[in-house]
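All chains should be modelled from the sequences, with the hints used to inform the complete structure.
Just so we're aligned: 234 in UniProt numbering is position 234 of the sequence shown, and the numbers increase by one with no gaps anywhere.
To be clear, the hints were calculated from the coordinates, so they are not data collected in a lab. Certain hints may be false.
Estimated spans, in silico, between C-beta atoms of each pair [as the list claims (entries may be wrong)]:
1. P235 - P36: 34 to 40 Å
2. T285 - N85: 32 to 38 Å
3. I242 - D74: 36 to 42 Å
4. D252 - D186: 42 to 48 Å
5. P235 - G133: 26 to 32 Å
Straight-line C-alpha distance at most 20 Å; calculated PhoX-like pairs for lysine-lysine [claimed, not checked]:
6. K290 - K22
7. K136 - K170
8. K170 - K197
9. K156 - K261
10. K334 - K290
11. K116 - K34
12. K205 - K170
13. K290 - K261
14. K334 - K22
15. K334 - K265
16. K197 - K136
17. K162 - K99
18. K156 - K191
19. K162 - K116
20. K205 - K261
21. K205 - K162
22. K136 - K191
23. K334 - K312
24. K261 - K334
25. K230 - K265
26. K230 - K197
27. K156 - K197
28. K22 - K162
29. K261 - K230
30. K99 - K34
31. K205 - K230
32. K76 - K312
33. K312 - K22
Every residue gets a Cβ at the ideal spot worked out from N, C-alpha and C, and that includes glycine.
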Amino acid sequence: MRNLKINIVFGLTVLLLGCVAKLPEIVANVVTEKTPHDTDDPAIWINNNNPDESIVFGTDKDEVNGGVYAFNLDGKIIREKSITNISYPNNVDIEYGFKLTDSTSTDIMVFSEREKHQIRLFSVPDMTPLDNGGFKVFEEETNIEMKRPMGVSFYKNPETGKISVFVSRKNGPTEGYLHQYELVSDSLGIKANLLRKVGTFSGQKEIEAIAVDDESGFVYYSDEGFGIRKYHANPEKGDTEIAFIGNEHFKDDIEGIAIAKYDDKGFLIVSNQQAHTFNIFSLETNAFIKELNLGTIETDGCDVTTVPLGNKFPNGLFVSMNDEMDFFFHDLAKLNLEEK
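Structural data, given as structure tokens:
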């Protein structure tokens, strides 16, 4: 009888602990239509002329028939803005005002095409390719595993207006894991010139997610089994690691990163993948603020904007990948980023 009581008490304790550990779900405003294969990473393009017509792009991984799908703010796929027949697109990012000539500029989208060892560049929203079929990356590597790009993130230097892109990969060395390429446009077309190799790798798992804060000039990336690393985005500021956020608030993989900036403060939103949650950190102090359950499963990538997107998302938008071939859209106010 005594053993029976002990077993009952133990079982109730485990049950109660499990209940306590489950965070309340913050329900999404919109769940997108499903993609054909395997979603990974989103990027938000803000239509400054008509915010209601902004577009969310999301990658769908497949070695032959992968794609970057365009969604309206109702989560419906915009077929004519989607790019298909891509060889394993991993991550995607958006930048504004890339100068094609002295008098012409365009918004641009970059995504990795992993199995072709290249990144792709398209204009937005007309979706014209600007890369003559792709820019090869990690060309000096002889190990094929170190040539396969994954994460991408733009950096626009606020002083010069020059745009570069950080690229991570499936496998890499302990130093110089990321490569940074400057986009240069001239009469012969657009080139992606290697600026530098930067970033320490712990050797645990891999590095995929990258996020850049243009205004402050910092780049953050997830060393997935170890922590979040912070560097200067401008090569002229040096290659020394500035800050490190450890993995004590993560169950296992440290995945997608998004940066939410306001006038007086900022937040780092990071996917706690195996816990199916997101951790929020202060951008100024790197301090942990709280953990949120947004209803997604095994999130890889995420993106955020604090810009109001019309009547549909008046407080800004947070987009996260869900492991059921779709993406979740949350009005940013639902995340209550400032409240613990």
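A quick look at each hint next to the structure:
no.	hint	result
1	P235 - P36: 34 to 40 Å	39 Å, holds
2	T285 - N85: 32 to 38 Å	45 Å, violated
3	I242 - D74: 36 to 42 Å	40 Å, holds
4	D252 - D186: 42 to 48 Å	46 Å, holds
5	P235 - G133: 26 to 32 Å	27 Å, holds
6	K290 - K22	14 Å, holds
7	K136 - K170	15 Å, holds
8	K170 - K197	15 Å, holds
9	K156 - K261	16 Å, holds
10	K334 - K290	14 Å, holds
11	K116 - K34	25 Å, violated
12	K205 - K170	9 Å, holds
13	K290 - K261	17 Å, holds
14	K334 - K22	18 Å, holds
15	K334 - K265	18 Å, holds
16	K197 - K136	15 Å, holds
17	K162 - K99	9 Å, holds
18	K156 - K191	16 Å, holds
19	K162 - K116	26 Å, violated
20	K205 - K261	29 Å, violated
21	K205 - K162	32 Å, violated
22	K136 - K191	10 Å, holds
23	K334 - K312	13 Å, holds
24	K261 - K334	16 Å, holds
25	K230 - K265	17 Å, holds
26	K230 - K197	15 Å, holds
27	K156 - K197	18 Å, holds
28	K22 - K162	45 Å, violated
29	K261 - K230	16 Å, holds
30	K99 - K34	34 Å, violated
31	K205 - K230	18 Å, holds
32	K76 - K312	14 Å, holds
33	K312 - K22	29 Å, violated
Checked against the numbered hints above, the structure violates hints 2, 11, 19, 20, 21, 28, 30, 33; every other hint is satisfied.
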